[in-house]
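Listed below are the residues making up each chain.
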Amino acid sequence: MRLTKQRIIGTLVATLVLSLLLVSSMVEDWGRLSDGPGNLIIFINESLWPPDWSVIEPQAYPVCTVYPLFDFTCSTAWIGMVETIKIAFASTVFGMIISLPISLLAARNLNPTWVSLPARLALSVCRSLPSIIWAIFFVILVGFGPFSGVLAMTVYTVGYLGKLQYEAIEGLSRTPLDASRAMGLSKIETALGVVIPESANELISQMIFMFEYNFRHGTVIGIVGAGGIGYYINLYLKFLQYDKVIAYLIIILVVVVIIDFFSIYARSFFNEEGDSRRPSWLDIFIPEILRR
Amino acid sequence: MKMSSKMLSAQKLSKIENMGDESIPKGIENNRSESEWWDLEANSQSPVVSLRNLVIGYSSKDPLAEIPSLDIFPGEIVAIAGPSGIGKTTLLRTIAGIVRPISGDVRVCGFTSPSLPKRGQVGYIPQRLGLVRHATVMHNVLLGSNASHSPRLGIFSSRKAKNEAKSAIISMGLEEKINEPVRRLSGGQQRRVATARTLAQSPSLIMADEFLSELDEETMKVVLNKVTEFVRKSKSALLFVEHDISRAKSVADRLLVIDDGRVNPFITETTALEVST
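So the protein lines, in turn, are chains A and B. For the first sequence, position 149 matches number 149 in the working numbering, and the numbering has no gaps at all. For the second sequence, position 191 matches number 191 in the working numbering, and the numbering has no gaps at all.
There's no promise every hint is true.
Lysine to any residue pairs mimicking SDA-like chemistry, simulated, CA-CA at most 25 Å apart [claimed, not checked]:
#, chain 1, residue 1, chain 2, residue 2
1, A, Lys187, B, Thr90
2, B, Lys61, B, Ile98
3, A, Lys187, B, Lys118
If you're looking for bench data, these hints aren't it; they were derived computationally from the structure.
Isolated chain A (complex conformation) (with noise of 0.2 Å):
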């Protein structure tokens, strides 16, 4: 079938339309909805605004005994932030690890249906659960804390990971391949010598876009006692202490940016060309409009 302009957007207003009358059969009635801003508005005002930001002053207990200019760090906000990081960055090592070889096995480039197809399934697997499942499951197998965090979030690295790495190798060209299966290249060879080189720039940017999304999940899976900042969060959740979760929230938001502007600088070093003008950390913090 020939694509013409009035078929691309017919196709288009076809789909909006289809969502809208999904959504409407979801909604008994609209009516309910006037309310909402009103009552988002007094939710607002009266449990979540301002934020109280004793969640960045040191706890009772233990005693704090760093310098007092740094006594922020004995507060559950740091020592939650902290291990949240630790967790995603622990998680995301791992799963590196584990996901490359299995991802290898999954490009239907480079092995037969039979061998990249159970790789595939198993990647499936461990990506059709979200990481707070898999905590639920580890946090029963081996009890509360950080570590059942780190095997929950290991595990969907693996699965989410492997996906954007066998679909990247999948991209490679064929040429490098073609010359070293000519040359009689053995498959660890080709593995090690072309493929891991030839993807390297997408492979360390999607490990660096995972390490960031493992943070923010990270924030999450604390909500099953897997560690991290999410811990306390669940916990002024059920004491209905909003304004202190508003205060998580803001911070956790903070430190997303933060990680984001690092992603940015060191998925530079590994662009396409790897030659182009790496951005300054003022390119990064202040828009281009700004600057000029």
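With chain A's structure known, arrange chain B on it following the hints.
Same frame as chain A, but now just chain B:
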């Protein structure tokens, strides 16, 4: 339809045969004497490549070309020419064991398809070179290095393999670029890296797809001399695809022209000797 295209091809061939050698850079002429040609024909050695009733292509419903019989002997340089899309690259890929033949036999270095020759016996320079663009020149050439029992993996390679790779890089005039990522090199330099990779391999058969394109005249002479010298000395064979027929004739012992058609044999053989007479 087929007849007319065949006639066209015949016309093209006659034009080719009448072409002058103005486009051939000096220093790369084929200097074989008539007696050497007879020696070549009477070659009693077993062929490096032996094709019998070969049909190539990607689908049995749509075969690209038929090769009834072809033998390439050690020390021989054979060029393949023909219009675009006729199956020249597919023929190389089939001999390299990358594409399965639709039917017929492919025997390379004593191994009949689907068995592949031993590690390093076949050197292949694809049209798009097949280099690891993000890796260094050294890493790429080491992939071809055939030093015995050495893993062909950069830092894990043996000293012998590294020395072999280094001398191949130097022979291609790339010693200053040895640690540069390939992506930063020009098209011609990348072509030289691919050639160095193949020379480091010391293969029994070199297959090259348009390996002289993008090279300036001077570099082309160097590359060609190195490759032909290697082929003659080591008694390996060179099979290459070349769109510039006059250049192909000047370099090759035999020129194979793949013509249009499916059922009838359409691989014709000519020699530089025939052309010169």
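Tested hints:
1. Lys187(A) x Thr90(B): 23 Å, holds
2. Lys61(B) x Ile98(B): 19 Å, holds
3. Lys187(A) x Lys118(B): 14 Å, holds
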